[in-house]
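Novice: Sequences are here, hints too, so could you generate the full structure?
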Amino acid sequence: DTLDQVERNYVKGITRRELIEAAIDGVLRKLDPYSTYITPDQLDSFRGNIESEFGGIGIQITLDQGRLAVLSPLPNSPAHRAGILAGDRIVEIDGRSTEGVNLDQATERLKGKLGSTVALAVLHAGRAKPETITVTRGKIQLETVQGDHRKADGTWDFMHDSRKGIGYVCVTAFSRHTPEELRRAIESLKKQNVTGLILDLRFNSGGLLRSAIEVSDLFVEKGRIVSTSGRNVSDRVWEARAENTFSGFPMAVLVNRFSASASEIVAACLQDHHRAVVMGERTWGKGSVQNVIPLEHGRSALKLTTASYHRPSGKNIHRFPDSTEKDDWGVKPDEGYEVKLSPADTVTLLLGRRQRDILEPPRDARTKPAGREKREKSESRPVDRALEMAVEYLNSELAKASENNL
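With my numbering applied, the sequence shown corresponds to residues 1 to 406, in that order.
No wet-lab data here; the hints were simulated from the structure. Note that this is a predicted model, so its numbers are computed, not measured. This list has only true hints and no planted wrong ones.
Computed list of lysine to aspartate or glutamate pairs in DMTMM-like fashion (alpha-carbon distance at most 20 Å, straight line):
| hint | residue 1 | residue 2 |
| --- | --- | --- |
| 1 | Lys151 | Asp357 |
| 2 | Lys139 | Glu181 |
| 3 | Lys326 | Glu338 |
Specialist: Okay, here's the thing in C-alpha cells:
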C-alpha cells in the first residue's frame, strides 16, 4: 500500500524500481555492513573488482592540481605499448575535455568493450602541445602480487636483500589469479636461493575465500586452514595438503588495521600453525563470508552474509559492533612484534608504496625540470618500521640456523 501511495501521489514522479531498490537498501541496513545490493549499473564494476579484470587501457590515474594525470601505466598494457608515460596529463578523452572531471567519471570513459578504441590527447612532460594517442582496449588483469621494486623492464623484483636471500612479496587483494601469481613469485625466489620471506598483507581488504585458502595452502603442509558455519549452509572445513608446499625458510607476515577478511584468514592460518610470525597492528576483524546471489536473471545481484569463518585454533576473528579492545577478534601480532602507526605514519607508508608502484618512463622519453635528477638521488623510501622488524627477525632466524648447522 505504501509503495502504491508513493508511486501515485508523491509530489515528484518516481519509478517503482527506484522505490524497490530503496526498500532493499533499507532491509540490508538492518543486517550488517557487508550485505549489499548491487545494481545493474554497478555489476560490471563489482565483477571487475572481484576478478581484478576489466576491459580498459591499463593505466593508474590521479588528479594533479585538478588535472587528470597518469600516475603509471601498467607494464605491457595497451597504454604502455602505445607510449603513454607516467606523469602524462590527459587533456581529452575521445575529443571531450577532461577539465573538471573526477576520477570515477574519467575511469568510466576509459573503460569499454574489448577491442574498442579510445583517443587520448596526452601532454607529455616538457612538451608544449598534446599528442593524440589512440589505444585499443584489452583485458586488463591487475597485479595483486607485487615485489620490493620494479626492474628496468617493469616487472617486479621480489628479492629484498639478494645478499642474504630475503624475499619480499606484497599481496594487495585476493582475486582468482592471486594464488598462481604468488606461486610464480615464490618459484622465482626459490631459483635465487631464497632463505627467508616477508609476506606483506597490509592494506589488503580481502577478496575471494577460495583464493585465501589456496594461498594459505602454499605454505602449510597439513592441518586445518579455515572452517565456515552458517544458519542455512553446511559447515565446511578446509585442510592443507602437503604437495606443492613451499617450506624450509622462515616467514614474517605484515598486517595492519586495514588488513581484513581473506587477509585475516591467511595471517591467522600461518600464525596458528607457527609457520610465520605476524607483525604490525591488530587486523580489522571481519570474520564473515558473503555469497553473491544473482537477481533478475543476472542483471543485478545480492551480496549477502551467509556464514562466518573460524581460524584453525578456533579463536574468533569477527569484530562485532559491541566488541571492545579486550575482546578476542582480528589477528593480533605475535608478542613483541606489535608496530603501532599514527595516521601520519600510515599516510607516509601509503605514499611510499604508491611511488614504488610507478613504472618510470625511459630517460630518453621524458624531459625533467632542472634539478629533478639531483632531488631523485637524495630521495629515499620512508622509514617502514614493520618491514625493518621483519628483516631483523629473519636475519636472527638465519643466524640461528647457521649456528645450528655448525
